[in-house]
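K.L.:
Place chain B on chain Z using the hints.
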Amino acid sequence: MAEPVLELRDMSKAFGALKATDGVSLDLKPGEIHALIGPNGAGKTTLIHQIAGSIRPDAGTIFFLGQDIGHLGVAGRVRLGLGRTFQISSIAPEFSALRNVMLAVQSQQGTSYRFWKPVLSDNSLVDPAMAMLERAGLAERARVPAAELSHGDKRRLEIAIALALEPKAFLLDEPMAGMDPEGSKGLTRFLDELRAEAPILLVEHDMDAVFALADRVSVLVYGRMIASGTVSEIRADANVRRAYLGDES
Amino acid sequence: MNRETLTSAALVLLLLGIPLAAMATGHNFYVTLASRMAILALAAVGLNIALGLGGLVSFGHAAFFGIGGYAAGVLAWHAMMLQPFPLGLPGTKLMPVIWLVAMLAAGIVAAFIGAISIRTSGVYFIMITLAFAQMIYYFAISFPSYGGEDGLSISLRNAFPGVNTLDPFTFFLICYLLLLAGLFLFFRLRDSRFGAALQAARQNETRLAAVGVSPFGIRLAAFVISAMVTALAGALYADLNRFVAPSMLSWHMSGELIVLIILGGTGRLAGPVAGAIVFVLFEHWLGGITERWQLYLGLVLLGVVLFARGGVVGLLAGKARHG
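In the order they appear, the protein sequences are chains Z and B.
One gets the working numbering by counting positions in the first sequence from 1 and adding 26 to each.
One gets the working numbering by counting positions in the second sequence from 1 and adding 1015 to each.
Treat the hints as calculated values from the structure; they're not laboratory data.
For every residue, glycine included, the Cβ atom is placed at its ideal position computed from N, Cα and C.
These stretches of chain Z come out as covered by chain B in the derived footprint (C-beta under 8 Å, 3 or more residues):
hint, segment
1, 95-107
2, 112-120
3, 139-145
Non-contacting residues of chain Z with respect to chain B, defined by C-beta distances greater than 12 Å in every case (computed):
hint, residue
4, Gly67
5, Glu166
6, Glu200
7, Glu219
8, Leu220
9, Thr256
Pulled out of the complex, with its shape left as it was, chain Z reads as follows (with noise of 0.2 Å):
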């Protein structure tokens, strides 16, 4: 068995009295999709900042690459491998969106504090980014302003930027949100494809992609971890069904 990329270990967090995150449990293994699924406020996004680094868990330990990464930022997370996807696009507005690719590839080479040389015309920065765009599908909008982007043009930006991340791991929080189903299809390719350079925790609500794609699914209600195990696992297990799935389906 591989040594898992990432995992979690007894996170828990309340904000007051609601607990958002209870004792959960979780590990992300090389070559994977790891989906997430679980009701509307059960803490996947909750989950998906701590392991992020933009929430601190009450409790538990975080490791990537088996590093503790408990007392990193966003950052630094970001900077060990862990690249992610907001759930509600997250774009510089005024740049373009090669530019806001450009700015990934710029971390990524560690130098963003260089004063002198402009960076339009920096083939080390633009080439790649450019790269990114092409995989993204999004080549041909890499001169727009991304605040003019569609939204399902703004899903696929938040997906090059990651990508030009080089990231160890993916964490993809709701990726197909509010995109056609066409784009969903594509995106659904896509993502089978990418898990082999590098596994994906995926936080899904649209049950055809997470069906197609993952390896394994956990199942998250009120921040309590019900159910982990394969898709014909999870679709044959009662207390899924019961809290999620609804009893017909």
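P.N.:
Quick look at chain B alone, frame taken from chain Z:
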């Protein structure tokens, strides 16, 4: 050349044209007015790095402007009184040395103020920078060795090797060339990798962190560079007036610099130049007509904020483009 470049070039040439036209028509007083424009523009170029590019609304840049001014005043005072500093360091009347000291001192103070205030944002950042600047203001007032409340006069303008700084036009040229250098620095910074990160921190801090760049360090560096440029302008300002007083450190000055930038165009290369020209002309002409000229400036500012967000440069060159 695109419209933005043309506008910038036109504004910079206009500023050079003012003293030339003034001398040709015998209105020599306007040369000094043009120097004032160039100096205020340079101070605002500095603030524009923090405020315009980085979105750091510093309401305390008078601190750095004043530190620059006091660097000039204090160094000159020690040189003229033949009184060395502790450790036997002499004072100096040499502008290049004064500029260097002004920028270093402001840079150190800015690193300290920034390290504390950049942890906050929004209104809190505005208030903390204001508070630090007022602390320095009251320190200057209550510290008697260098004039306290009365300020410190520089009986003879400081010197630059090889030129006669007492000649108003020569002094204007010194200010003007430093302004050009400041503008060039702003231009290179804006388009560099650092500038990309700084502007991203303004647009979407979460995004910047999520690509692995910590916004704090980027903002702090910008704040320090910004303060150093404003301090250089402060040193020139003291030499222009041959006088430095605590008023250079007061919040009015911080406010004036922000007004300049908003009038001219926030984050735009030539915004501070346009803002300084408009502001100084307003102050001079309207100030000659009515003591309440600031009321009218306020109305203009209101108009800009409501109807012309991009300021003068926005009106002339259209919306900013980021490529």
